[in-house]
Amino acid sequence: MSKAQTEQQLIIEGAGCASCVGKIEAALQNTPGVNSAEMNFADRTVLVSGTANSQDLVKAIESAGYNAKPFNDSSHTDSLDEKEAADWAYYKKLMRDTIIALSLGVPLMIYGIAIGEMTVATNTERLAWLIVGLLTLAVMFFSGKHFYIGAWKSFKNHSANMDTLIALGTGTAWVYSMLVVFIPDAIPLMARHVYFEATAMIIGLINLGLALELKARGKTSEAIKRLIGLQAKTATVVRDNKDVQINIDQVLLNDIIKVRPGEKIPVDGEVIEGHTSIDESMLTGEPMPVEKSEKDDVTAGTLNKSGMILFKATRVGKDTALAQIIAMVKRAQNSKPPIGRLADVISAYFVPVVMIISIVSALAWLNFGPEPTLAFAIVSATTVLIIACPCALGLATPMSVMVGVGKAAEAGVLIRNGEALQTASKITAMILDKTGTITEGSPKVTDVILANESDEKTILQLAASLESGSEHPLAQAIVESAMEQEIELLKIDAFNAITGYGVEATCNGKSLLFGNSKLMKMKEIELSDFTTKAQALAKEAKTPMYFAVDGQLAAIIAVADPMKSDSLCAIKRLQANGIRVIMLTGDNKETASAIAKKAQITEFFADVLPEDKANKVRELQQQGEIVGMTGDGINDAPALALADVGFAIGTGTDVAIESADITLMRGSLHGLADAIAVSKATLRNIKQNLFGAFIYNVAGIPVAAGILYPFFGLLLSPVIAGAAMAFSSLTVVTNANRLRLFKAQDH
Amino acid sequence: MMIINFIGISLIVLIIWWFWLYKPNNVVATSTDVLIEVKEGVYSPASLQVTANHPITLSFLRKDPSPCSETLLIPSLDISEQLTLNKVTKIHLQNIPPGEHVFHCQMQMYKGVITAVE
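Just so you know, the protein sequences line up as chains A and B, in that order.
Counting in full-length UniProt numbering, the first sequence runs without a single skipped number right up to 747 at its last residue.
Counting in full-length UniProt numbering, the second sequence runs without a single skipped number right up to 118 at its last residue.
These are calculated hints, taken from the structure and not from any lab test.
Model, not experiment: these values are computed from the prediction.
Hints should not be assumed to be uniformly reliable.
Unchecked claim - Under the rule of at most 27 Å between Cα atoms (straight-line distance), these lysine-lysine pairs were calculated in the DSSO-like manner:
id : chain 1 : residue 1 : chain 2 : residue 2
1  : A       : 598       : A       : 521
2  : B       : 87        : A       : 145
3  : B       : 23        : A       : 156
4  : A       : 680       : A       : 572
5  : B       : 63        : A       : 219
6  : B       : 90        : A       : 69
7  : B       : 23        : A       : 318
8  : A       : 93        : B       : 23
9  : A       : 295       : A       : 312
10 : A       : 539       : A       : 564
11 : B       : 87        : A       : 92
Unchecked claim - Negatives, chain A to chain B, calculated, CB over 10 Å:
id : residue
12 : 50
13 : 95
14 : 119
15 : 247
16 : 249
17 : 593
For every residue, glycine included, the Cβ atom is placed at its ideal position computed from N, Cα and C.
The shape of chain A in the complex, shown without the other chains (with noise of 0.2 Å):
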């Protein structure tokens, strides 16, 4: 047996020059099963291709006078704990910003309104606001200095952010306090107010704000926190006949894992020796666990329930189910979906827009106030500057998509993209494969109905035998159920699959053809009174096939596919979100009544080739449904792309992950249901948040400006302005936070 090709990387260390490259190359491509190798000298790391074992080749570089170790991009646990420690010192830092500012601001502010004005009109009123001011640029420099900073480097750079609303905002406000204590006879007696107060509860509310969003915001990657905490830290691995623990990123392609009962499976693998039942619900949704023997695929971060296993390592790193699974949730969550791109169009041009609006406001005040103008005009253009939030609008969409497509993946649901989110909360039809997705998958001979005077043992050799050339799960059925009965299969030659009808081919010089009846009609052989016999097994739910040698019926064999256990239920939970269920399948139309009943389906199609799976999408989608396709991801590529949303059906942790819009870990159609459903949450999650956020500027910005005065007298003060400011963000990721609440449905 041949071993499979890999590509493996490895990193190198001590190669310290360019000369190096060619040493280590030569080193490895000496060494047998590598066919390439070739080093990255500025990323000190070497890819190899050929089917070389890790171990090798690490020797081979040793022995060319260099280190080198496996590049497995394991180290989530690691970051993890890194972003968690650098989160908490940034909180601590923001929370001693706050409470410097505030214990200025607050007294303050309690000052104003007992005393009343904070105006300056003696000397010593002057002393003592200068003393006041001085005070207030401590507390700019120490708890806000980096949004002075931030705005500064911003604006060199052409841009403009929140720091730079802030940094203008609290500067403007102290900036005419100090004018006003320093020149008051520059500036009308009535406007001789001072807002060092401003100054300093603003930047303490705005970190207050900013320290709270953080908390919250760590809440919302709880779901990719727990994916990550599932990787195991080390591996027992079996080396030169002792058991040696090792960390997981030294782990090595083809190493032999030993896993206790109650352990983790530290990387993907294949069972070589022992038995045992796995826990997958971490990584599927499926509560049941799962029976592995050798020859069978464990994979990294689900639980060794029972028994001990030693396991062949396939897939280490950043090439396990797992690393992939977090890098796709992690690439998901990050993405947009369409509904967010007005606000990242607005987001784009806000912050110069509302300087121009403050400008503007004062220019009006200044213009057409009453008096003192200049007093109402610095606190309208500061409020504007203040109370604007580009965060509230910029955060709706993705805190809600982050905390959407991870409780999605918590479900088993791996959703590719923001767009695939939106529109699965939009679809009006879903299409659904019958085998593998509302069947179990894995059909089994039920009935051998003889044509001629043949024996049953010798027709199911020969149907097996031919059946043993196709991939078709009802023909793996028939190879089973010889394999079952220890029946010998025969050579075969000539073997041709004639898609959408069967397969023929010749065996010890009999030709032979197994098939639907259209292939028969095509090859002409005569069925006679069997069509009726086959349509009563089709009204069994089962799928006959007719199975010809030389020419000549020889015998319906019936193979049946059960319906699994709870897709009744979720097609139900599908109806009831009034969305439209189809049935497709390529099974006689017997068969596919017969299923549809049961699982309550009203359309369906039968005989239906894979090619013509495409067109079903199609006519649908020209009736203007929003069509979703769920099927299992490689026999029907082409409807799962043409579709609105394609669902890939999966079972276990075996999943095409790249194959589809959406990827359902489990079997159970429920993900299906629980895949709409969370997309359907999120989404109006989403628009909750936008329109917060929307409203929150729309309406705050005009007041700020104080539209409202000439008709009720009410300016907005900037201290409000700049709590309103610090508590819109943080009000958008808790709502986003209730999406956390979302529970998916086991039955």
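On the provided structure of chain A, position chain B as indicated by the hints.
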């Protein structure tokens, strides 16, 4: 008042010019591995010129603890990465199509642009 109004209108014109009309000079990538710092609210360099249809590695070094700086998106190249604080995150780009490719944080408060020229 005329003078104040004139100053106000001039400021508005300046804002429009500085933030929207002005085209900053690109930093031309001279190697295949370009370091971009994420610090104090900005990417440095924020405007990068690269050769189209050639591979290049962008090494993002995040020194900014703000959570806003954590996510990096390059929508036109379908790239989304989490930047780890005080570490370099490498993004390998193969065959960048000609044109402008904007990169930014989730909220578009941090912004930069890669201009790929043939």
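Comparing the hints with the structure gives:
Under the criterion of a C-alpha separation no larger than 27 Å, the hint pairing residue 598/A with residue 521/A is inconsistent with the structure, at around 30 Å. For the hint pairing residue 87/B with residue 145/A, the CA-to-CA distance comes to about 23 Å; that is within 27 Å, so the pair holds. Proposed proximity of residue 23/B and residue 156/A is supported: the alpha carbons are some 12 Å apart, at most 27 Å. Restraint check for residue 680/A and residue 572/A: satisfied, since their Cα atoms lie roughly 17 Å apart, inside the 27 Å limit.
Distance restraint check for residue 63/B and residue 219/A: the Cα-Cα separation of roughly 23 Å lies within the 27 Å cut-off, and the hinted pair is therefore satisfied. Between residue 90/B and residue 69/A, the direct Cα distance comes to roughly 19 Å. Compliance with the 27 Å bound is thereby established for this hinted pair. Between residue 23/B and residue 318/A the CA atoms are separated by roughly 40 Å; this puts the pair beyond 27 Å, and the hint is violated. Proximity of residue 93/A to residue 23/B is assessed by CA-CA distance (about 36 Å); at most 27 Å being required, the pair is judged violated.
Simply put, residue 295/A and residue 312/A have alpha-carbon atoms about 10 Å apart, close enough for the 27 Å limit, and the pair holds. Between residue 539/A and residue 564/A, the direct Cα distance comes to roughly 18 Å. Compliance with the 27 Å bound is thereby established for this hinted pair. Straight-line distance between C-alpha atoms of residue 87/B and residue 92/A comes to about 21 Å, which keeps the hinted pair within the 27 Å bound. Even its closest Cβ contact with chain B, about 23 Å, leaves residue 50/A beyond 10 Å, as expected for a residue assigned away from the interface.
A cut-off of 10 Å between C-beta atoms confirms that residue 95/A is not in contact with chain B; the least separation is 13 Å. Residue-level check passed: residue 119/A sits 23 Å from the nearest beta carbon of chain B, beyond 10 Å. With a least beta-carbon separation of about 19 Å from chain B, residue 247/A lies farther than 10 Å from that chain, consistent with its non-interface assignment. For residue 249/A, the condition that its CB be more than 10 Å from all CB atoms of chain B holds, with the nearest at approximately 16 Å.
At the 10 Å boundary, the C-beta of residue 593/A stays outside the reach of chain B, the nearest C-beta of that chain being 44 Å off.
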